[in-house]
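*Asks:* Chain by chain, the residues:
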Amino acid sequence: MIYFDNSATSLTRPPEVGEALLYALNHFGNAGRSFYDAVMEANRAIYGARMETAALIGLNDPLQVAFTSSATESLNLVIQSLVKPQDGVITSITEHNAVLRPLYLRGCPLRFIEADSKGRLALDNLSSLLTPQTRFLICNQASNVTGNVNDTGTLLRFCREQGLTLILDIAQTFGSYEVNIQDADIFCFTGHKGLLGPQGTGGIIVNGDFPFTLVKTGGAGSGSFNRFQDQAMPDIFEAGTLNSPGLYAMSKGIRHIRDKGVRTIHEEEMRLTRKFHEGIRDIPGITIYGDFSSDDRLAVVSLKLKDWDSADLAAKLWDDYAIATRAGAHCAPLLHRHFGTEVQGMVRFSFSAFNTEDEIEAGIRALERISRS
Amino acid sequence: MMEYLVSFARTNDAIRGEGLLLQAGLSVRVMPLPSRIKAGCGLSFRIRPHEFQEAVRILTEAGITGMGFYEKEDQKIKEIHL
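Sequence lines, in order, name chains W and X.
Numbering of the first sequence is given in our numbering, commencing with residue 34 and proceeding in unit increments.
Numbering of the second sequence is given in our numbering, commencing with residue 1053 and proceeding in unit increments.
Calculated directly from the structure, the hints in this document are not laboratory data.
The structure presented is a predicted model; accordingly, all values stated were derived computationally and were not measured.
Covered stretches of chain W, as calculated for chain X (at least 3 residues, CB under 8 Å):
| id | segment |
| --- | --- |
| 1 | 74-80 |
| 2 | 248-256 |
| 3 | 262-276 |
We treat Cβ as the ideally placed atom computed from N, Cα and C, and that holds for glycine.
Please build the complete structure, drawing on both the sequences and the hints.
*Replies:* Put into structure tokens, the structure is as follows:
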């Protein structure tokens, strides 16, 4: 198999990630629930994961990292906890349903940042989206469809000028692209994509003090006679047993990334992406979506071929070439509507630094052959 | 044998504190928080008398707040105020 679906989840990982997962399954007790060696080992592993996560983003206090099961859970928790139904929220048409649906569920009034023909956010007139109720700007750092990276500097300046809280969905960027704690107020991340950890891991990173309200409660291993668990970070979001094996494994993925360097990983991924993009852009009938004018983007190439249904094209790539891609709408309905691909869909190729040039060439050849068929 | 107990307001502080004490070469033994002590965290540290002052210094300098300190001899526990 040639795995080109790294935006969905990492599949090739450093061996220490799987080793850590297996070790934890056989050695860890329930973190925070007792005191003996197996429990303390799980405690240390989770704290170590907080430290690795904090170090990767440049955060001083590891306790400002709360762990969840996914970026989706993180976004749900943060939005439910912080955004009131009457608060105005600015978001964008490039969002994943992990952002859109929690906002719809909250019922708050939304205004959308539009995009241009390459899917780039229209940031030149953000003030026109303001209402007297606007309190938050919630958006991705990079699109999971186009791979375009948003200008967080402009977004943050706007938020500071207008007194808004900036919440960034970094599901696609964390581990693959430089993310700095100064880029936003709150970050929601997943552990199984760029961080190379297992599925079922993710978290919330908080840069400052925010009036979170309790939206998830239950056993926390201490304060049993209190009506609710501790409401400070990270406990406010961590009721119930944490996924200590997964988080321990994720911490090994982060360690690998820190040892190698995010910049190096991004450069390797972009070298592969450039090669692929240059190899397919002139194939007759292919339409590529996104801004490829620089390497300041992610290793994602989404395309359509003539009038091929994206499902058929992905199936052909798999059946005849053993190439794994992602077809359809990629949980980003508004962006697909913007591009007019809500019926046909796109096929997304997403690369990691574990892919090879040979695999890229095989992908190019496959598309060339299919286009001639 | 008399030893000292340290309690914590938050479990994450206890976990961080354990790492700091072990890193400093101190021997810290963890036990459940005795039921007569009220604290936010269900863990407590048993510290040997000759290492207690150093342990308190390390934990305090690390910015850990909300700790409780106790003398413990068998089942008898007495809070001490530093």
